[in-house]
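Student: Top to bottom, those sequences are chains A and B. Counting from 11, one number per residue, gives the positions in the first sequence under the numbering used here. Counting from 396, one number per residue, gives the positions in the second sequence under the numbering used here.
What follows is a set of in silico ranges between Cβ atoms, one per label pair, in the way DEER data are often shown: (1) A:K414 x B:A460: 34 to 42 Å; (2) A:K570 x B:F503: 48 to 56 Å; (3) B:S462 x A:K253: 19 to 27 Å; (4) B:P457 x A:Q244: 30 to 38 Å; (5) B:Q469 x A:Q89: 52 to 60 Å.
No wet-lab data here; the hints were simulated from the structure. A quick note: this is a predicted structure, and the numbers were derived from the prediction, not measured. Positions of the beta carbon are idealized from the N, C-alpha and C atoms, including for glycine.
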Amino acid sequence: MTKDAVQGAAEEADQAQSKKGLKKQQKEAEKAAKKAEKQAKLAADTQSTDEDDFAKDRYGVPQMVQSQQKLDRVLVRVQKLTPEKADQLIWVRARVHTSRAKGKQCFLVLRQQQFNVQALVAVGERASKQMVKFAANINKESIVDVEAMVRKVEQKIDSCTQQDVELHIERIFVISQAEPRLPLQLEDCVRPDGEGDEDGRATVNQDTRLDNRVIDLRTTTSQAIFRLQSGVCQLFRDTLTNKGFVEIQTPKIISAASEGGANVFTVSYFKTSAYLAQSPQLYKQMCICADFDKVFCVGPVFRAEDSNTHRHLTEFVGLDIELAFNYHYHEVIESITDTMVQIFKGLRDKFQTEIQTVGKQYPSEPFRFLEPTLRLEYTEGVAMLREAGVDMGDEEDLSTPNEKLLGRLVKEKYDTDFYVLDKYPLAVRPFYTMPDPNDKVCASLNAHTHTTHAHDTIVAFTELVIRLMFPPQKYSNSYDMFMRGEEILSGAQRIHDAQLLTERAIHHNIDLEKIKSYIDSFRYGAPPHGGGGIGLERVCMLYLGLHNVRQVSMFPRDPKRLTP
Amino acid sequence: SLLGKDLGALRDIVINANPARPPLTLLVLHAMLCQRYRVLSSVHVHSSVSGVPAQLLSCLGPRHADSYVRQRFQLGFTLIWKDVSKLQMKFSIQNMCPIEGEANVARFLFRLVAPYPSDPALATLVDSWVDTAFFQLAEGSAKERSAVLRALNGALGRDPWLAGPELSLADIACYCCVLQTGPAASSPANVQRWLKACENLGHFGPANPLLQ
Chain A
11 MTKDAVQGAA
21 EEADQAQSKK
31 GLKKQQKEAE
41 KAAKKAEKQA
51 KLAADTQSTD
61 EDDFAKDRYG
71 VPQMVQSQQK
81 LDRVLVRVQK
91 LTPEKADQLI
101 WVRARVHTSR
111 AKGKQCFLVL
121 RQQQFNVQAL
131 VAVGERASKQ
141 MVKFAANINK
151 ESIVDVEAMV
161 RKVEQKIDSC
171 TQQDVELHIE
181 RIFVISQAEP
191 RLPLQLEDCV
201 RPDGEGDEDG
211 RATVNQDTRL
221 DNRVIDLRTT
231 TSQAIFRLQS
241 GVCQLFRDTL
251 TNKGFVEIQT
261 PKIISAASEG
271 GANVFTVSYF
281 KTSAYLAQSP
291 QLYKQMCICA
301 DFDKVFCVGP
311 VFRAEDSNTH
321 RHLTEFVGLD
331 IELAFNYHYH
341 EVIESITDTM
351 VQIFKGLRDK
361 FQTEIQTVGK
371 QYPSEPFRFL
381 EPTLRLEYTE
391 GVAMLREAGV
401 DMGDEEDLST
411 PNEKLLGRLV
421 KEKYDTDFYV
431 LDKYPLAVRP
441 FYTMPDPNDK
451 VCASLNAHTH
461 TTHAHDTIVA
471 FTELVIRLMF
481 PPQKYSNSYD
491 MFMRGEEILS
501 GAQRIHDAQL
511 LTERAIHHNI
521 DLEKIKSYID
531 SFRYGAPPHG
541 GGGIGLERVC
551 MLYLGLHNVR
561 QVSMFPRDPK
571 RLTP
Chain B
396 SLLGKDLGAL
406 RDIVINANPA
416 RPPLTLLVLH
426 AMLCQRYRVL
436 SSVHVHSSVS
446 GVPAQLLSCL
456 GPRHADSYVR
466 QRFQLGFTLI
476 WKDVSKLQMK
486 FSIQNMCPIE
496 GEANVARFLF
506 RLVAPYPSDP
516 ALATLVDSWV
526 DTAFFQLAEG
536 SAKERSAVLR
546 ALNGALGRDP
556 WLAGPELSLA
566 DIACYCCVLQ
576 TGPAASSPAN
586 VQRWLKACEN
596 LGHFGPANPL
606 LQ
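Isolated chain A, as found in the complex (with noise of 0.2 Å):
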């Protein structure tokens, strides 16, 4: 009995066994049965679609371009699909933005540089199903040539810059197929600060967006960015041109640091080495005793600071100026500031559209100056901040919280985002910088003479003292410009007498071997001259109202990033 049961039992499991296996080999067999209807479905499809497709010469991958051909093409700019292009048959090159398939339609954003349009193919009699699945999978940034009909739309596309229009697509062909998956997605890109969070989107940092730069800079926001950009170098030539002046070129690689040898990149040059140029300083210098009274440069300089802040980089590109003056170096100071308010009137004007593609994602007031600039000198910027409870001393440098506050402090009282500070400490200056010839102190004195005649010989013996106690040059001929309250340029009125500059060269333990040939200039006629620096990408920055340099810089060098 025990046995039977035993033996029972042991049927039932094999029978449940078996049922069990055959349940499998019942659904492995169903699945086969799938796989080869599947296949059979989609050997049928291709069939059909090579049988059936009444469009497969409207669509496809044709071959590489290698100028095999030149057509007469006429490819249209997106930028000029307007409603006066209705009802009109068109060639478009633009990329893919993105698709979306919806039954036997298919949406794709086309877009090229800042501009994009919407585009539809849908089955009918210029399109076929197939032509409309494979419109879908086209992977996002390929490039495609497309012919379509520009028609006009009820509704506005609000997603679109072009607004008005929509593209019916009669012909796709892919120029340049992009792989499936991109490292980092545009969209997330152009998002707004802040808003990703709230959606629970992705946010892309920094980082990641310049290790991806070439596709960061297809954004929207990068577009109007570097278009700019070249906006503000184009003013800048067309401005300094029409006063006179002359583009010059220097040479980068340099014998001897302009501006102390701290911050310079050093060089092996054959047997010797020499530095990267911080700044044009000596040779536009030198161009001005070569008589070319009025010189401007625009190239690289380098800073070997290794500092990792919002606004500096180790390469930028310099805009230089400097220019002989006939009495005074204010002369010089108006017509940088009159340069750069034709920049800011130029880009105001005709920039508009960029300067609002930025304000987009990010959000930022107006450029406000004043014509012409304001100039404040160095003690009311020193009061000004003493006002405001900053402790500092007369000859302090500015520090960058003090600069931004006292930026701050004028945009309150003047309502500008550009001013100039002038007359600054000698001491925070480099050695080239002209002093300033009125003493403050004694002018001061010489001013309350006539009303204490009495004590006039008192006054003098003061004087005198002062004069021993104090060195007389406290302050020097020069100048910071600022933007947003952060510096721009750096300038000031330079000696070009060879005997005080080589006393300040001493004064700055400089060694005279190395800068014989910029002292040897000065030797014989050298005209009064002033100029200045200004940093492009943070002339950029700060007029847009961004928060890092290096988003202003194509290719950014910092001292931790040399790639891509």
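Given the coordinates of chain A, work out where chain B should sit on it, guided by the hints.
Tutor: Relative to the frame of chain A, chain B by itself:
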């Protein structure tokens, strides 16, 4: 004093004015300030406006020969043509809120030139004439204006100036507003006599080129 602590730097009075409504009283007061102090005057155009007429750019007179050394001046007078709905003065931003309205700025500037009458009744009278000038003469209807002219005529029948024997801010404000709003010839006799007396003082030169 009214100017606050001396921090050893130029004390700059900043005035934001709309070029559509040039502040004539302030130009007159500016000229008076220049007689009393070493004033560094400058005119700027803010980026919010464009196409400011040349006469407004030179309304503070030619540039001082010493203007390149700001230290040599006691007071700055910086006029900024700007898109503002109300005239605005900013002086010591840490201790003073911005002052709005031409009348109020005029009161401040006048005190730098000459003290207000010490008699409170007289001082109030001056203030009241200043209000009348800016609210009823400058902005009022034709009816209101003629009412003010009648009141002026009455007051000037009793005294040579609006607030007694001495020239005050009341006269300056009313003079500018009367001339700004209509031809002098149509005013009553006492007012006409007073307008002449004002002109003879020579204070109103700077405002004249801007009066029609």
